[in-house]
Amino acid sequence: MSAEQETRAVRCLVAKVGLDGHDRGAHVIARAFRDAGFEVVYSGLHRAPEEIVQAAVQEDVDVLGISILSGAHNTLVPKVIEGLKEYDAFEDTLILVGGIIPDDDETKLKELGVAEVFGPGTPMEETIEFIRNNLPERA
Amino acid sequence: MGGTDAPALGDGDAALVEDLLDGSHRALARVITRIENRAAGYRGIVAALHEHTGGADVIGITGAPGAGKSTLVDKLAAAYRDRGDTVGVVAVDPSSPYTGGAVLGDRIRMASNVGDMDVFFRSMSARGQLGGLSMATADAVKALDAFGKDVVIIETVGAGQNEVDVVRTADTVAVLVQPGSGDDVQTLKAGILEIGDVFVVNKADMDGAERTLAELEEMVHRRESPTKGLGGGHHGFEVPDHPDGGNDETAGDAEGDDGDGDDEGEPEWIPEVVRTVANTGEGVAELIETFDAHATHLRESGAIEATKRRRYAEEIRTLVRSDVGALATAEIERRGGIDALADSVRRRETDPYSLAAEIVDPIAECVDDGEP
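Protein sequences appear in the order of chains A and B. Heads up, the first sequence is in the working numbering, so the first residue is 1 and it goes up one at a time. Heads up, the second sequence is in the working numbering, so the first residue is 1 and it goes up one at a time.
Accuracy of the hints is not assured; some may be wrong.
What the hints assert, rightly or not - In silico SDA-like pairs for lysine to any residue, Cα to Cα no more than 20 Å straight-line: (1) A:K85 with B:R26; (2) A:K85 with B:G23; (3) A:K85 with A:L135; (4) A:K85 with B:W269.
Said to hold, decoys possible - Which chain A residues face chain B? A few, computed with CB under 10 Å, are given here: (5) E6; (6) A9; (7) F33; (8) D35; (9) E39; (10) V40; (11) L45; (12) E50; (13) V53; (14) V57; (15) L69; (16) S70; (17) Y87; (18) A89; (19) E126.
Honestly, the hints are just simulated from the structure, not real lab data. Ideal Cβ placement from N, Cα and C applies to all residues, glycine included.
Looking at chain A on its own, in the form it has when it is part of the complex (with noise of 0.2 Å):
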């Protein structure tokens, strides 16, 4: 019975939040995750931070990744964060950013709870291997 083969996969939300229209790395990105093999739910353009919440609490997701250009990282991070605790999801999600965030936005958003900020140029691979080797552990 026991012998049933698990089969896990790695759940990633690719979100967009906020005002910011630019999506090319954010399916760039889509598409390198699932030829590493992940499942990648798109949010699509334009979410509110409640959307994100909402998709990632539902979607049950191991990865949150952050794409933001407009620069308002420093607002709609934190409210995705405290949205997360809310569902009691905070814990064992992984949540990355990507974009254009200044060092010192960085280090607060890492003190939030963001795990990586990944900026313009970052290879694929490595953002890969940063989630592989960084997944939440998980019942």
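Following the hints, put chain B in place on chain A, whose structure we already have.
Then chain B, alone, in the frame of chain A:
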């Protein structure tokens, strides 16, 4: 089969089930993950949930890529919410046969239900094989049902047998068709036609919609006549004894057999053809009415019992098959693995039939002995 009785429910899992029944979204999401992962203990969870299911209307929506399924599902969910129903959605997308990876994009269209947690939307992809997808989908539907969703919608691309199996786990199946191409309708003939309780011509504001509507209408009624004589034909004349009793396909049949004593007043469901423009929401209310009518028909005609019996029979078969398969796989491993066995066949030391017999015989013996 496996020696033990009911699948065990660990303490943590019992708490998870409890939380789900209490309405925790996190617990519901987690349970579906366990189901998808075939994670240890998931069977105990699904078994524990089973008694809490049966309350939801389960609707399957299928159609070619680009037919507008996701957009329609979004509008349907919103309309159900407007009348106070809670909604669960399971959207199934294909995964790469090479890497197992997938992009699950149906969520993008869920714009009408922003921030409404009473629409629980979950994307799934095909993992594993051998009926695994339809099994996982059915189990995820059970989780949503036990959670208390009034309506559960299964959305899937109608591409192959896998998807047909998935959508057959629903009580009511809607097939979406896009106007404009006779080809679309051609593909329907190949098999999806038989599973549709409702046909939806979406994007009905496009050129060619009328023609597609007409073609579907014609097909629906053409389908009606050949099957009439075969079995399900409660249509105006009595079917005394099935001259050709072997047809187990049509849902109505089994019930018709049981119901010999009744007056044969149960009307057969003739698939409805409905037009919608999902983008604007046009026709969505009518579509819901049709779904309701079908649900009522299933209940009043008693066909729902036949549908459910068929579905649970399928579930039992799939489970048993997969468990027996797992036993066989373990046996193959014990004998050095499939590659070694294949090599021995290649070297003409043995042949596939003898090998299969060698592997299965010990299992068959246990069954013959009646030993668990």
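Checking each numbered hint in turn, tell me which of them this model violates, lowest number first. Going through the list in order, the structure violates hints 4, 15, 16 and 19 and respects the others.
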